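K.L.:
Residues per chain are reported as follows:
Protein chains: 4
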Amino acid sequence: MRVKSSEKRIALLEATLNLINNNGFHAAPMSKIAKLAGVSPATIYLYFANKQDMVNQLYLEVKASFSEHAFKNYSPSFPVKEGFEIIWRNIADYKLHQVEEAYFLSQCDNTPMIDEESRQIGLIHLQPLLNLWERGQKDGIIKPISPYLLYAYTIYPLAFLMTSQKSAHYQLDNTTLTHAFSAAWDSIKL
Amino acid sequence: MRVKSSEKRIALLEATLNLINNNGFHAAPMSKIAKLAGVSPATIYLYFANKQDMVNQLYLEVKASFSEHAFKNYSPSFPVKEGFEIIWRNIADYKLHQVEEAYFLSQCDNTPMIDEESRQIGLIHLQPLLNLWERGQKDGIIKPISPYLLYAYTIYPLAFLMTSQKSAHYQLDNTTLTHAFSAAWDSIKL
Amino acid sequence: MRVKSSEKRIALLEATLNLINNNGFHAAPMSKIAKLAGVSPATIYLYFANKQDMVNQLYLEVKASFSEHAFKNYSPSFPVKEGFEIIWRNIADYKLHQVEEAYFLSQCDNTPMIDEESRQIGLIHLQPLLNLWERGQKDGIIKPISPYLLYAYTIYPLAFLMTSQKSAHYQLDNTTLTHAFSAAWDSIKL
Amino acid sequence: MRVKSSEKRIALLEATLNLINNNGFHAAPMSKIAKLAGVSPATIYLYFANKQDMVNQLYLEVKASFSEHAFKNYSPSFPVKEGFEIIWRNIADYKLHQVEEAYFLSQCDNTPMIDEESRQIGLIHLQPLLNLWERGQKDGIIKPISPYLLYAYTIYPLAFLMTSQKSAHYQLDNTTLTHAFSAAWDSIKL
DNA sequence: CATGAATGAGCTTTCATTCAT
DNA sequence: TATGAATGAAAGCTCATTCAT
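Chains as they are written, first to last, in this note's numbering: chain A, 1 to 190; chain B, 191 to 380; chain C, 381 to 570; chain D, 571 to 760.
Keep in mind the hints are simulated off the structure, nothing from the lab.
Just so you know, these numbers come straight off a predicted model, no measurement behind them.
Be careful, since some hints might not be right.
As the list claims (entries may be wrong) - Stretch by stretch, here's where chain A covers chain B in the computed footprint (C-beta under 8 angstroms, at least three residues): (1) 233-246; (2) 296-303; (3) 317-326.
To be verified - Using 30 angstroms as the maximum straight-line C-alpha spacing, the simulated DSSO-like pairs for lysine-lysine come out as follows: (4) D:K708 <-> D:K602; (5) B:K271 <-> B:K194; (6) D:K708 <-> D:K642; (7) B:K194 <-> C:K431; (8) B:K194 <-> C:K523; (9) C:K546 <-> C:K388; (10) B:K241 <-> B:K225; (11) A:K8 <-> A:K81; (12) A:K166 <-> A:K35; (13) C:K546 <-> C:K412; (14) A:K35 <-> A:K8; (15) C:K431 <-> D:K578; (16) D:K708 <-> A:K8; (17) B:K271 <-> A:K189; (18) D:K621 <-> C:K461; (19) B:K333 <-> A:K166; (20) D:K651 <-> D:K713; (21) A:K143 <-> B:K241; (22) C:K415 <-> C:K431; (23) A:K81 <-> B:K379; (24) A:K189 <-> B:K356; (25) B:K356 <-> A:K143; (26) B:K262 <-> B:K198; (27) B:K225 <-> C:K388; (28) A:K166 <-> A:K8; (29) A:K32 <-> D:K578; (30) D:K708 <-> A:K32; (31) D:K736 <-> C:K523; (32) A:K51 <-> B:K225; (33) D:K759 <-> C:K523.
Even for Gly, the Cβ is constructed at its ideal location relative to N, Cα and C.
Take the sequences, apply the hints, and build the full model.
P.N.:
As structure tokens, this is what we get:
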């Protein structure tokens, strides 16, 4: 099996993401994925062990790109609220502009599509945010509640806004984004 | 002549929900559904036109049961905050106790598994909540922001808590639930 | 199993003939036949042992009606040519006016749709025509050749004209019919 | 990489013809066709879009081989009667020696088994015979009647003789064939 | 006599994967 | 490395027939 980041490998991952996004896992056969990537079905198995492996790898790479984006320009030395706003806006930016990736992650996180193992690996990237929240709680700036709640009320809502926007029911402008941030912050600040 | 018992129909819908929840749409074949429901594969087609139709119907019925639950004991004559808390707690109760149904809805809402038409039909039940919010905004109790935001920051987070709980990562007690409600209310109250 | 000529039995045979004619045997399921006859699928089995039996019976009855028609107004006492013309015109009349029945017989006679046994039974009706030919041959009016040839060149061509007419490629008027009879007679007369 | 051998395609068409001839379209399932051709059921779909497409293609190829045979050693420069006899004997030879192909064509032409489009395409090959007849009519050798009649009384009877022979009811020797030709010619000559 | 419900067997077709080059 | 051909297994669905009333 080949090493990362050949052009074909990337084309295959992109094709997989597109087909799963548009048709769902159950209607994204290997033959179509190969065709969309401009490659023979047999070639897929030079890069991936099987379909599940390909989807797992895709998940992890998208998750990694998401995490990287989330902490752009952030440093743990920032004051709590400033640091939080930077991360939040990074994430919002990703969810609302890289809609395809965000929608794919949302599918993965809400279905039994991904192996439990890969799911766990995908979680580790979030640590800096958890650290920030802990600091905020020590400093008496953020409510002393479970990080699950903090995540549920600040980051997770962005997934809903992304989905709404994708369904063309709703378009987010800057004012709305500011309202959204206020809501997020208000829900967790002390 | 035998009569078409709605028992079989219900058994089929339950089997479908279980299999899709555990394995995903793509790994819930009609043969397994039939076996789990205790009928012949052919019998499915006496009750549903095809697989998609069965899933659509299941979605709409679960959605309806969810909505019914959401507005239990609620009346539009309640004060805004009290009314909101009742609805919110109803929904929390459903999501955290009828986990299977809630998880199924979450899968449906985050994948292309359901027909767009059924999806639209599923939305209409929410109207009383939208009305409540509108009243709250007129009365200067709730922030004058889009209902998409209000939903994203008060109801949608419960889906995350449900998923977390289902993955056995986290158990919600009453204190946490109260924290959750505070976070929800803080995010939208003026 | 019921006796002949109940209304339902006849409706079933008619429905069968129509569906097989329009769609072919392979696309004429019992359920459709029942629906078209206005009857429950189970009812079919009160009148016929199974599908094959129903088709066999249909074949034999249509064949009988055809034969009856063929010898209308004919008597063995007629002179050879007159007798032959009467029979020939009777058959032509049937093939060109009872197109559905004729087309059905044509399907049966050119496919393995019918049991060999029923096929044999269907042949016996033709005897008077064979007798007529034999007389004609004894009298030196008709060529001394096998009755298979006589049939092939006088009666069988009408099946082609029937099919052509059914396909709307061609319409037979009286002049043409007379030409057709001349061709038939010329081919076998001495 | 293996190359798509036309051997498999041909084996599939032959298997289809055999099974349809012996059992009828409705009793020639893809699984049996595959087995008889020595390939997997899935392989069929590398060569044909679906069952109907396979049967259509088979029809057209058999029809083409028939037509080629029909005009062997024929040239439009031949005198009318000689030319006609050559074609007629070619066709007789085909029908009586390539019985399987002939019987298959007969099934196709007398049932709704074939798409109307393919049926039309199958007709174009006959043109040289039509031209010959037209010439014969201009020269006052052949009766001035519709080509449908000419076909019905000269070519079509051979289908009956073929079917009779196939049912082992009758064997054609050379004398009989000469009688048959006489009958054909007598029916249309002026 | 008649029914609509119910079904096991089997249908056509597709799938993830492997083969042979 | 890369391929298109090939496939066994299984998918969704339909069918002729039987069941239970």
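K.L.:
Does each hint fit the structure? Answer for all of them.
P.N.:
Structure-based check of all given hints:
Counting residues of the segment 233-246 of chain B whose beta carbon lies closer than 8 angstroms to any beta carbon of chain A gives 0, which falls below the threshold of three, so the coverage claim is violated. Chain A is given as covering the segment 296-303 of chain B, and this holds because 7 residues of the stretch bring a CB closer than 8 angstroms to a CB of that chain, at least three being needed. With 0 residues having a beta carbon nearer than 8 angstroms to a beta carbon of chain A, the segment 317-326 of chain B misses the requirement of three or more and the stated coverage is violated. Simply put, K708 of chain D and K602 of chain D have alpha-carbon atoms about 52 angstroms apart, too far for the 30 angstroms limit, and the pair is violated.
At roughly 47 angstroms between alpha-carbon atoms, K271 of chain B and K194 of chain B are farther apart than 30 angstroms, so this suggested pair is violated. Proposed proximity of K708 of chain D and K642 of chain D is supported: the alpha carbons are some 24 angstroms apart, at most 30 angstroms. Distance check on the hinted pair: K194 of chain B and K431 of chain C sit about 26 angstroms apart at the alpha-carbon level, within 30 angstroms; holds. For the hint pairing K194 of chain B with K523 of chain C, the CA-to-CA distance comes to about 68 angstroms; that exceeds 30 angstroms, so the pair is violated.
Proximity of K546 of chain C to K388 of chain C is assessed by CA-CA distance (about 28 angstroms); at most 30 angstroms being required, the pair is judged to hold. With a CA separation close to 15 angstroms, the supplied pair K241 of chain B and K225 of chain B stays within the 30 angstroms bound. Between K8 of chain A and K81 of chain A the CA atoms are separated by roughly 43 angstroms; this puts the pair beyond 30 angstroms, and the hint is violated. Proximity of K166 of chain A to K35 of chain A is assessed by CA-CA distance (about 26 angstroms); at most 30 angstroms being required, the pair is judged to hold.
For a cut-off of 30 angstroms, the pair hint linking K546 of chain C to K412 of chain C stands: about 24 angstroms separates their Cα positions. Pair hint K35 of chain A plus K8 of chain A holds up; C-alpha atoms about 12 angstroms apart against a cutoff of 30 angstroms. Among the hinted pairs, K431 of chain C with K578 of chain D is inconsistent with the structure: their alpha-carbon atoms are about 35 angstroms apart, more than 30 angstroms. The hinted pair formed by K708 of chain D and K8 of chain A fails the criterion: a straight-line CA distance of about 70 angstroms is larger than 30 angstroms.
Only pairs whose Cα atoms come within 30 angstroms are accepted, and K271 of chain B paired with K189 of chain A is accepted, the gap being roughly 20 angstroms. Proximity of K621 of chain D to K461 of chain C is assessed by CA-CA distance (about 50 angstroms); at most 30 angstroms being required, the pair is judged violated. For a cut-off of 30 angstroms, the pair hint linking K333 of chain B to K166 of chain A stands: about 25 angstroms separates their Cα positions. Between the alpha carbons of K651 of chain D and K713 of chain D the distance comes to roughly 13 angstroms, so the proposed pair stays at or under 30 angstroms and holds.
This hinted pair does not check out: K143 of chain A and K241 of chain B have alpha carbons roughly 47 angstroms apart, beyond 30 angstroms. For the hint linking K415 of chain C to K431 of chain C, the alpha-carbon distance of about 15 angstroms falls within 30 angstroms, and the restraint holds. For the given pair, K81 of chain A sits about 20 angstroms from K379 of chain B by alpha-carbon distance, which is consistent with the 30 angstroms threshold. This hinted pair checks out: K189 of chain A and K356 of chain B have alpha carbons roughly 27 angstroms apart, not beyond 30 angstroms.
As the CA atoms of K356 of chain B and K143 of chain A are separated by approximately 25 angstroms, the hinted pair is consistent with the 30 angstroms bound. The hinted pair formed by K262 of chain B and K198 of chain B meets the criterion: a straight-line CA distance of about 28 angstroms does not exceed 30 angstroms. Under the criterion of a C-alpha separation no larger than 30 angstroms, the hint pairing K225 of chain B with K388 of chain C is inconsistent with the structure, at around 38 angstroms. Restraint check for K166 of chain A and K8 of chain A: satisfied, since their Cα atoms lie roughly 28 angstroms apart, inside the 30 angstroms limit.
Between K32 of chain A and K578 of chain D, the direct Cα distance comes to roughly 25 angstroms. Compliance with the 30 angstroms bound is thereby established for this hinted pair. For the given pair, K708 of chain D sits about 61 angstroms from K32 of chain A by alpha-carbon distance, which is inconsistent with the 30 angstroms threshold. Straight-line distance between C-alpha atoms of K736 of chain D and K523 of chain C comes to about 24 angstroms, which keeps the hinted pair within the 30 angstroms bound. Annotation: proposed proximity of K51 of chain A to K225 of chain B holds, straight-line Cα distance about 27 angstroms (limit 30 angstroms).
The hinted pair formed by K759 of chain D and K523 of chain C meets the criterion: a straight-line CA distance of about 17 angstroms does not exceed 30 angstroms.
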